[in-house]
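Single-letter residue listing:
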Amino acid sequence: MSSDAVGVEERYAVFPFYLCLDVSASMAGDPIDSVNRQMPLLRASVGEDPAVAEVIRFAVVTFSDVARTVLPLSDLSLVEAIPEVRPEGRTSYGAAFEHLRHTIESDYQAGRAAGDRWYRPAVVFISDGRPTDDEARWHAAHAALVDPGWKRRPNILAFGFGQADPAVLSAVVEGKANRAFIADEGAVPATVVPELMKGLISSIVSSSASVYSGEAQLSPPEVPGMTPIAVDQLD
Amino acid sequence: MELSRSELRVGALLAEGGEGKVFELPDRPGTLLKQYPRPVDADGLRRLVAWAGPGGPLAPGMAARVRSATAWPQAVVLDGPDRAAGLLMARAPRRFSLRHRDGVARLATLSYLTADPVRRAAAYGLMLPGQGDPARIGLVYALARVLEALESADPPVGHGDLSAKNVLWSTRRGPEVFLLDCDNGERFGPDGAPLGAPGRRRAMTPNWDDPTVPAGQNPGLEADRYSLALIFLRIVGAGHFPVQKRQKAGEAVDIELDLPAAVLRSPVMAPDAPVWALLGRSLSAADPEGRPPASTWAAALHDVLAGLGATSVIEAVHAAQGSSAPSLPAQPVAGPAAPDVTVRPHPIRPRAQVWTSSHAGGRSPAALAAPRPSGRAVPTATGSGYAPAGTPGLPPPGSPVVHPPLPAQAKVALRQAFAAWKSLHAWAGAALSTPGRRGAGVRRAAVCAVVDFVVACVGLLLFAMIVSPFLGI
Ligand SMILES: Nc1ncnc2c1ncn2[C@@H]1O[C@H](COP(=O)(O)OP(=O)(O)OP(=O)(O)O)[C@@H](O)[C@H]1O
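Here the protein sequences line up with chains X and E, keeping their order.
My numbering numbers the first residue of the first sequence as 1 and each following residue consecutively.
My numbering numbers the first residue of the second sequence as 1 and each following residue consecutively.
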């Protein structure tokens, strides 16, 4: 194919989503169970609609003491089932951010080699606790993830419940408005998590519609039982 | 046709679009209610209903095309004397949906056709015609004939949003299309000015839009002509071909369209065939007024299909549209090349295994070699270590690989064969149980008996072939 011709291998740009899920021990039981129960719905809502699937790529990363990729960045129409996640150890935000930074870069390079064009990736960060690792470590890892000098730096949405600290989540989203959400007082994970996953699905689907506008926007989800953290909670 | 909202018994919510909710109507199967979030001016809608109705400006043959292939507004649903709460329209017949492997049927949007059919087969267990297949050309021919009807009346109507979601397709009875969102249509005067209420907003779907319509402005008749050509490019070529961004930047575009060598050998699709210049002129952003009308496309695609020997496709398209009324007098197809768009057909090259571009594995043909039983993945990284980027073309070890496409296709074929067998018997049974048609019934039953006998013989043979090694025969 001549260099600048438009051919069959040129595709719409894709919008990569990384679900970054806290699987520390405190997530055991209801929270993790409801995540696992909602995954098939997420897979079907995105994967079984070719118009959504063709512009979305989705990955699942979990973190506790360590971070791992549970589902590599995928076209969900080609994924049979999103693997289940299991509770593990403590809550290392540093491990999560380091892993994301490296994974996003290598996914981008692999995708580009295969002809993919990307919109700015989105990270959906879900945690029920405060970071248990050294503050300096996770701050450094976070700074590398959102480094303005790094072209692939993601937009981050953060959701917290349980012991999650609004001030910390606000720092995770760099203090941006409408990016961090905290569960309302007294809300139980068994109801918050399904609502959260539903919100995430419609956020992905409407973000996919915005992809078609050529200016992808991360649509912030509306989650009943969760309230956006006001920007001024940063301090 | 008008009725009041209070006369209607409204059933389940079927879908929700950007501009309205669509409901089933339990008392009127086959008809749907589209309800706007807030009432609109009834007059524009009345004129659109009347346009396709009896006594309207459409010739009968053209009206048949609109009736059979669109969800045209059939009646205005009133909220007050001049306020429309919504409209009634025909529901897309069942054949305009596709049943995925999960058993759920979904509307057959164009998105199924704008990707490598192998990838779609792997994802959904659907068998789709290959790129360049006459069935795909037949779908565009069907669409061209519908748009020809819209352009044929005085005043003509532009649909204005011919996107993946608004053009449904079926090949079950031959190539057919079914247009949704027709209330978005607009009537145009001889000078090309819209006749509807000023200030009405008609947005095109991004990625399916005409690059010459400035942001915030409404599409004219030429926009449908662009969309028709874009749809030809994307569904005959089975790809995305994202050209608009370059066109909006004022760049010329050079398109390479991969087609099977056998198709390219036909003079109607050869690199110097007139259809490529037609495609280029229709996609032109430099000269939108020079885009040929839909009737030119209808005539050209008729010739292409005839040249490919696909006369049965032509006949099926005509039959589905309820009339074999000839198209308008054919416009000469040849014309000057577009200044800014060239289309060059090219013999098909093997396609990149796009499903591995995300190095995610999944439902890839690699699974054929090593089928894996379930979708449980083994974590690929530990520590804050990293998932190894998979080799392009191969899923990484431990990725959730299931459902090789081939067995799925076999399953689809078996299911289709069974459905055919069932309908054959129903066909015989229907005649047998109809008084006065027993003669025909007996003949049909005889056909069934022959078919059953052949099936039984083949089955016995296969059974014997499988069993004999065990018996040592
Ligand atoms: N005639 C029909 N038969 C079956 N389904 C239909 C029909 N019309 C609409 N739908 C369903 O309803 C959805 C919305 O319909 P429609 O496109 O008319 O509404 P809209 O509000 O104009 O949508 P949008 O602005 O998002 O295109 C469609 O995508 C489709 O799923």
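Think of the hints as simulated: they come from the structure by calculation, not from any bench.
All figures in this text were calculated on a predicted structure; none of them were measured in a lab.
Just to be clear, a hint being listed does not mean it is correct.
[Said to hold, decoys possible] Dumping the calculated DSS-like pairs for lysine-lysine here, alpha-carbon to alpha-carbon at most 27 Å:
no., chain 1, residue 1, chain 2, residue 2
1, X, 198, E, 21
2, E, 21, E, 248
3, X, 198, X, 176
4, X, 198, E, 245
5, X, 151, E, 248
6, E, 245, E, 165
7, X, 176, X, 151
8, E, 165, X, 151
9, E, 165, E, 248
[As the list claims (entries may be wrong)] Residues of chain E placed beyond 12 Å of chain X at every Cβ, according to the derived structure:
no., residue
10, 9
11, 164
12, 318
[Said to hold, decoys possible] A few chain E residues facing chain X, derived, Cβ under 10 Å:
no., residue
13, 200
14, 239
15, 242
16, 257
17, 261
18, 287
19, 289
20, 290
21, 342
22, 453
No residue lacks a Cβ here, since even glycine has one placed at the ideal position from N, Cα and C.
Taken at face value, is the distance from the CA of residue 248(E) to the CA of residue 151(X) at most 27 Å?
-> holds (25 Å)
Holds or violated: residue 290(E) as interface residue toward chain X, Cβ cutoff 10 Å?
-> violated (21 Å)
Status of the hint placing residue 289(E) at chain X (closest C-beta pair under 10 Å) | Check failed: Cβ of residue 289(E) comes no nearer than 24 Å to chain X, outside 10 Å.
Verify the interface restraint on residue 261(E): the C-beta must sit less than 10 Å from at least one C-beta of chain X.
-> violated (15 Å)
Between residue 176(X) and residue 151(X), does the CA-CA distance stay at or below 27 Å?
-> Holds: residue 176(X) and residue 151(X) sit about 19 Å apart, inside 27 Å.
Against chain X, is residue 239(E) within 10 Å by beta-carbon distance?
-> Given a least distance of 4 Å, the restraint on residue 239(E) holds.
Holds or violated: are the alpha carbons of residue 198(X) and residue 245(E) at most 27 Å from each other?
-> violated (33 Å)
Starting from residue 165(E), check that the Cα of residue 151(X) is at most 27 Å away, please.
-> Violated, at about 33 Å.
So is residue 164(E) really clear of chain X, every C-beta pair being over 12 Å apart?
-> Not fine: 6 Å to the nearest Cβ puts residue 164(E) too close to chain X.
Interface hint for residue 342(E), Cβ within 10 Å of any Cβ on chain X = holds (9 Å)
Taken at face value, is the distance from the CA of residue 176(X) to the CA of residue 198(X) at most 27 Å?
-> holds (22 Å)
Take a quick look at residue 9(E) and tell me if its Cβ sits farther than 12 Å from every Cβ on chain X, holds or violated.
-> holds (30 Å)
Consistency note: the structure conflicts with the earlier hints numbered 2, 4, 8, 11, 13, 17, 18, 19, 20 and 22.
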